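Residue numbers (the numbering used here), protein chains in the order written: chain U, 1 to 213; chain F, 214 to 426.
The set of hints was computed from the structure by calculation and includes no laboratory data. Do not take every clue at face value.
Unchecked claim - So these bits of chain F aren't anywhere near chain U, every CB distance computed over 12 Å:
hint: 1; residue: Gly-234
hint: 2; residue: Lys-310
hint: 3; residue: Val-393
hint: 4; residue: Arg-401
hint: 5; residue: Leu-417
Said to hold, decoys possible - With beta-carbon atoms standing in for the labels, derived distance ranges:
hint: 6; chain 1: U; residue 1: His-84; chain 2: F; residue 2: Pro-387; range: 19 to 29 Å
hint: 7; chain 1: U; residue 1: Glu-191; chain 2: F; residue 2: Gln-407; range: 30 to 40 Å
hint: 8; chain 1: U; residue 1: Gly-85; chain 2: F; residue 2: Glu-404; range: 34 to 44 Å
hint: 9; chain 1: F; residue 1: Gln-239; chain 2: U; residue 2: Gly-85; range: 30 to 40 Å
hint: 10; chain 1: U; residue 1: Ala-30; chain 2: F; residue 2: Gln-413; range: 39 to 49 Å
hint: 11; chain 1: F; residue 1: Lys-237; chain 2: U; residue 2: Gln-200; range: 16 to 26 Å
hint: 12; chain 1: F; residue 1: Asp-391; chain 2: U; residue 2: Val-212; range: 36 to 46 Å
hint: 13; chain 1: F; residue 1: Gly-285; chain 2: U; residue 2: Asp-157; range: 38 to 48 Å
hint: 14; chain 1: F; residue 1: Gln-413; chain 2: U; residue 2: Gln-26; range: 16 to 26 Å
hint: 15; chain 1: U; residue 1: Ala-30; chain 2: F; residue 2: Gln-374; range: 15 to 25 Å
Nothing here was measured: the structure is a model prediction, and the numbers come from that model. Note that beta-carbon positions come from the ideal geometry of N, C-alpha and C, so glycine has one too.
There are 2 protein chains.
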Amino acid sequence: RSAVDSAFKQPTRSCFAVYCGSSKVQGKNADAINEATRRLGKALVGHGLGLVYGGGNAGLMGTISRSVDAAGGDVYGVIPGALHGHELTGTGVQPDKLQIVSTMHQRKERMARMSSAFIALPGGFGTLEELLEAISWCQLSVHDKPVGVLNVNGYYDPLQQQIENGIDNGLIKPSFRDFVLFDSDPDRLVERLQKHKVPQGLALHWEHPEDVI
Amino acid sequence: RSAVDSAFKQPTRSCFAVYCGSSKVQGKNADAINEATRRLGKALVGHGLGLVYGGGNAGLMGTISRSVDAAGGDVYGVIPGALHGHELTGTGVQPDKLQIVSTMHQRKERMARMSSAFIALPGGFGTLEELLEAISWCQLSVHDKPVGVLNVNGYYDPLQQQIENGIDNGLIKPSFRDFVLFDSDPDRLVERLQKHKVPQGLALHWEHPEDVI
Ligand SMILES: [Mg+2]
């Protein structure tokens with residue numbers, strides 16, 4: 001039933017999925033965001049981890065994939081055909097590790113299956129959506145993989161406040177706060193995620209084994 | 214290829230999808246949130262619209278569906294089997310209009326196809342994820358349906374600030390701010406969404422016609 005074919009092999013070593021966009025970072029935080037992204041790439045390789053990401057080479061997609069590649073790590077990209085020309089322009093991921101899928105849903109499911117944890121870089125609507133979906137999947141017991149946010153210069157403070165609003169109004173269980181870790185330091189975030197015990201989600205039973213990641 | 218079968222007919226009249234949760238609202242904003250939800254139900258019916266929602270009858274899911282039903286409007290629910298016991302407890306939606314699907318993805322796709330616009334009530338991770346996905350779909354040119362947020366007592370101010378952070382850092386195009394309308398008044402939000410011209414998203418070409426909603 002799964003919309004995603006199983007032709008692509010699992011990575012041989014543990015990978016983290018990194019959610020980020022293809023826009024050029026601008027404004028007064030641009031240097032800090034780009035530098036934190038490069039440090040995250042090195043931190044992943046330093047902890048023996050590979051990278052799974054959206055497969056583009058513009059914006060932070062390019063920065064994270066080049067930094068992992070330069071440090072000698074494995075880079076796996078998953079991109080929908082429709083976005084190939086938008087997010088992938090020129091060189092970047094090694095072609096034999098780039099997978100073309102049809103839909104965004106297939107991209108997100110494939111990335112999740114290949115990864116042992118998720119990290120969101122500062123991003124826009126697409127990144128926010130991927131992050132919220134990874135968190136929701138913890139809540140729905142679709143997976144129990146840790147989710148982290150690289151909170152450079154307070155970029156994601158509003159999201160953290162939004163979660164507190166949910167807790168204050170009874171709309172998020174306080175124990176579910178730990179579905180997502182916020183940290184400003186790439187190396188510390190990777191270490192925390194490797195050790196993190198994800199809170200138990202809802203006791204749900206999904207119909208098909210492939211509905212669980 | 215679509216994971217969603219086409220057995221269920223489209224509603225006979227225009228519907229809005231409302232994203233909300235099944236938790237009991239608590240805290241000092243509870244009365245305001247419940248009252249705004251009831252007013253939204255009346256506003257939908259008053260504007261000749263039906264309701265598509267997640268199909269539960271606990272929490273705000275129960276409040277919105279009962280208020281639309283009480284005002285004489287059509288109520289369509291879409292719920293994954295795994296959540297049937299969690300979100301649907303007792304009576305609520307008319308059974309002939311409740312559809313059971315397998316996965317969250319099928320729920321969200323079905324709800325989107327049945328609706329001409331989307332509104333998020335104050336909610337937790339699941340609601341935030343549905344909202345961000347609806348917005349992302351505008352950006353990805355998967356659909357061009359308006360998205361709104363019922364911002365009761367500033368509940369969603371942090372999300373609005375998060376979007377501004379994205380714009381300030383070059384990660385969201387300023388013109389994409391209007392993919393989502395924030396309003397504290399249910400009636401005015403419905404009216405604004407009915408008139409709203411959604412900004413043009415990215416120029417993408419999806420592989421299969423069914424990838425577009
Ligand atoms: Mg999603």
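Do the hints match the structure? See the list:
The non-interface label for Gly-234/F is inconsistent with chain U: the shortest C-beta to C-beta separation is roughly 6 Å, within 12 Å. At the 12 Å boundary, the C-beta of Lys-310/F stays outside the reach of chain U, the nearest C-beta of that chain being 21 Å off. A beta-carbon of chain U is positioned within 12 Å of the beta-carbon of Val-393/F; the least distance is around 9 Å. Separation of Arg-401/F from chain U is adequate, the least Cβ-Cβ distance of about 22 Å exceeding the 12 Å criterion.
At roughly 4 Å, the least C-beta separation between Leu-417/F and chain U is not larger than 12 Å, which violates its mark as non-interface. Between His-84/U and Pro-387/F the beta carbon distance is about 26 Å. The supplied range of 19 to 29 Å therefore holds. For the hinted restraint 30 to 40 Å between Glu-191/U and Gln-407/F, the CB-CB distance of approximately 50 Å leaves it violated. As the Cβ distance of Gly-85/U to Glu-404/F is approximately 38 Å, the hint placing it in 34 to 44 Å holds.
For the hinted restraint 30 to 40 Å between Gln-239/F and Gly-85/U, the CB-CB distance of approximately 48 Å leaves it violated. Checking the proposed 39 to 49 Å range against Ala-30/U and Gln-413/F shows it is violated: the Cβ atoms sit about 26 Å from each other. Judged by the Cβ atoms, the range 16 to 26 Å given for Lys-237/F and Gln-200/U holds: they are separated by roughly 20 Å. At about 37 Å, the beta-carbon gap between Asp-391/F and Val-212/U stays in the expected band of 36 to 46 Å.
Taken as a hint, the range 38 to 48 Å holds for the pair Gly-285/F and Asp-157/U, whose Cβ atoms sit roughly 44 Å apart. About 21 Å separates the C-beta atoms of Gln-413/F and Gln-26/U, a value consistent with the hinted range of 16 to 26 Å. In this structure the hint that Ala-30/U and Gln-374/F lie 15 to 25 Å apart at CB holds, the actual value being about 19 Å.
When held up to the earlier numbered hints, the structure conflicts with 1, 3, 5, 7, 9 and 10 and fits the remainder.
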